[in-house]
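Novice: Given next are the chains, with one letter for each unit.
Number of protein chains: 2
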Amino acid sequence: MRTELCDRFGIQYPIFAFTPSEHVAAAVSRAGGLGVLGAVRFNEADELDRTLDWLDDNTDGKPYGVDVVMPMKVPTEGKAIDLKAMIPDEHISFVERTLQQLGVPPLPEGEGRDGVLGWLHSVARSHVDVALNHRPVLIANALGSPPKDVIDQAHAAGVQVAALAGAAKHALSHVANGVDIIIAQGYEAGGHTGEIASMVLTPEIVDAVGPDVAVLGAGGIGRGRQVAASLALGAQGVWTGSVWLTTEEYQNLNTNAGMTEAFLRASSADTVRTRIYTGKPARLLKTKWTEAWDEEKAPSPLPMPLQNLLVADAHSRMNSAGNPDVISMPVGQIVGSMNEVRPVAEVMADLINEYEETVKRLSSL
Amino acid sequence: MRTELCDRFGIQYPIFAFTPSEHVAAAVSRAGGLGVLGAVRFNEADELDRTLDWLDDNTDGKPYGVDVVMPMKVPTEGKAIDLKAMIPDEHISFVERTLQQLGVPPLPEGEGRDGVLGWLHSVARSHVDVALNHRPVLIANALGSPPKDVIDQAHAAGVQVAALAGAAKHALSHVANGVDIIIAQGYEAGGHTGEIASMVLTPEIVDAVGPDVAVLGAGGIGRGRQVAASLALGAQGVWTGSVWLTTEEYQNLNTNAGMTEAFLRASSADTVRTRIYTGKPARLLKTKWTEAWDEEKAPSPLPMPLQNLLVADAHSRMNSAGNPDVISMPVGQIVGSMNEVRPVAEVMADLINEYEETVKRLSSL
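Top to bottom, those sequences are chains A and B.
4 is the number of the first residue of the first sequence in the numbering used here; add one for each residue after it.
4 is the number of the first residue of the second sequence in the numbering used here; add one for each residue after it.
Quick caveat, the hints were computed from the structure, so don't treat them as lab data.
No false leads were slipped in.
For chains that are exact copies, the list does not tell them apart, and a pair is met inside one copy or across any two.
With a cut-off of at most 30 Å between alpha-carbon atoms, the simulated DSSO-like pairs for lysine-lysine come out as follows:
| no. | residue 1 | residue 2 |
| --- | --- | --- |
| 1 | Lys-151 | Lys-172 |
| 2 | Lys-300 | Lys-87 |
| 3 | Lys-172 | Lys-291 |
| 4 | Lys-283 | Lys-300 |
| 5 | Lys-289 | Lys-300 |
| 6 | Lys-151 | Lys-283 |
| 7 | Lys-87 | Lys-289 |
Quick caveat: nothing in here was measured; it's all calculated off a predicted structure.
From just these sequences and the hints, can you work out the full model?
Specialist: Right, here's the structure in full:
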């Protein structure tokens with residue numbers, strides 16, 4: 004499973020693992036893939052700094068990446084408090100009423116947070132600044148091409164830039180901006196995603212950007228057969244995410260047993276693509292929370308970044324309450340095959356072994 | 004590209020081609036795949052009979068299949084005239100008003116039809132009866148498992164039965180009913196389709212039905228890389244459809260140059276999954292017609308088989324008028340790669356060559 008990306012990054016397998024957990028990221032990198040730490044959860048740059056210190060010390064010198072969430076165009080911005088003033092009362096009361104109806108308790112005294120500020124442009128920039136003081140080999144942006152000066156900043160530090168794309172025309176525009184690697188994010192993926200499925204999107208983007216730009220296949224990849232399929236479609240590697248949510252290492256970050264139970268029992272039909280998480284279409288686990296937003300009386304989701312500010316407290320409350328029926332979490336259709344909690348190293352070994360069996364099977368046909 | 008299905012059906016490549024055109028079906032079978040003639044367009048059993056006579060004479064003795072549209076449960080049924088009485092006036096006037104607004108002329112004098120009766124259970128049964136008087140090797144059902152006695156009837160004639168499934172639980176139920184081959188129809192496919200994309204659905208169904216039941220991958224397949232991806236996912240062959248709509252042979256059936264133009268210029272983003280074609284979710288080319296049904300004032304689509312009776316005349320009018328902006332036609336996301344009109348033999352050769360290059364590339368990694 005060696006492609007040019009293995010040499011470029013000094014990794015053994017072109018398996019890229021997006022994860023908000025430094026424990027998962029480190030374990031993937033140690034196992035020969037590239038762990039990519041999601042920075043959006045860090046409201047304070049210092050906290051990201053300390054976490055990257057930990058990653059520097061726990062990857063056996065292996066490379067890793069950092070993922071930020073940064074729109075290319077700088078949006079209207081302000082302190083969280085200013086933005087909150089833009090949220091209609093109707094939305095606030097719908098959220099509160101829904102949480103009550105679903106039996107979600109308030110947060111324990113002393114807990115709580117100011118929303119996820121990582122969606123703000125200024126905070127995402129601070130993530131890049133902090134990351135470049137460490138030794139990432141890749142900065143990935145979940146919202147497409149970052150601004151040109153951020154790309155230049157990464158390149159000046161010798162760091163490659165990857166960007167998600169859900170359509171060939173977006174991929175071409177990312178490349179024109181200087182992005183090095185395109186992540187072809189198919190419809191079936193968790194989190195922000197478009198409507199074109201991986202089977203069609205991956206070769207379309209590969210053909211559009213040409214042989215000089217590496218493409219990672221993303222969406223629906225959790226087994227070695229899917230890695231082989233993605234490389235067959237022309238990808239130089241795969242971008243995975245959901246599959247790491249049921250690893251042992253992820254439980255360091257996720258102390259909500261209800262969420263793990265919800266993942267383990269979900270079928271591939273139990274996800275929904277909706278704007279209720281951030282204001283842009285993203286695939287989430289289907290729960291009573293997502294169903295409430297589908298009802299006729301529910302308000303329309305707000306644009307980014309308002310929607311996430313609206314629901315951030317609700318997310319904290321749901322996700323600390325531990326009821327598997329009422330949680331809010333992005334996950335892809337691959338959730339149907341996530342049926343037990345396993346160590347990262349075991350998931351990696353299965354990906355690699357099943358990939359090798361698959362290529363052997365194809366060669367023998 | 005030889006799998007067990009090649010021996011089972013006496014074909015060279017496990018490439019199954021669903022098409023309403025006997026010219027396409029014959030050309031695919033002659034080129035080593037299995038052409039499968041869609042019967043739903045034949046209101047009169049005699050017409051299907053004559054067409055299968057033609058197919059018997061034009062496939063150089065190679066095998067072919069027939070595709071019917073038959074719900075497992077026998078629905079409320081009646082003559083077309085009775086069913087039409089169940090259609091609300093609001094729907095009829097919306098259709099007429101929309102056609103006027105879109106500038107669709109009435110049909111030329113003497114043309115017209117009674118809707119597509121092939122959606123009716125009794126008509127689909129007559130298709131099976133007629134087909135079994137010829138030499139098909141496969142009866143496929145686009146609506147999942149046919150009734151048990153139809154499966155028995157096919158088996159008694161030595162004919163295999165295939166059924167579409169959009170979820171593993173449906174596939175298991177088809178197998179329990181005696182279906183021989185499962186067509187895993189991913190979200191990206193044209194026509195009736197579910198929400199789970201091929202990358203996730205194919206291995207899920209393969210694992211669910213086990214090694215004794217062959218699975219065909221369907222949805223998003225129009226290039227050799229996609230054939231390789233589908234076989235990597237565990238399919239024993241592929242089920243294709245959209246890709247044949249822009250072949251030279253298809254132009255024998257489709258005399259509407261506007262429709263061909265619409266396919267050629269469409270990108271993979273220009274399709275929509277909607278209930279307006281038959282009452283069940285099906286993927287269509289996105290046109291001003293599909294957009295009209297998305298507007299707020301549009302009525303909700305009717306259940307099958309009423310919706311197709313409602314819009315059948317409108318389809319005839321639009322599809323004979325030749326305006327590429329206003330047509331009604333099922334097609335999958337692969338339409339984005341259908342960019343020229345080519346002979347079937349050339350499409351087949353490309354599928355096979357690109358498949359072989361892909362497997363060679365994978366083996367060398």
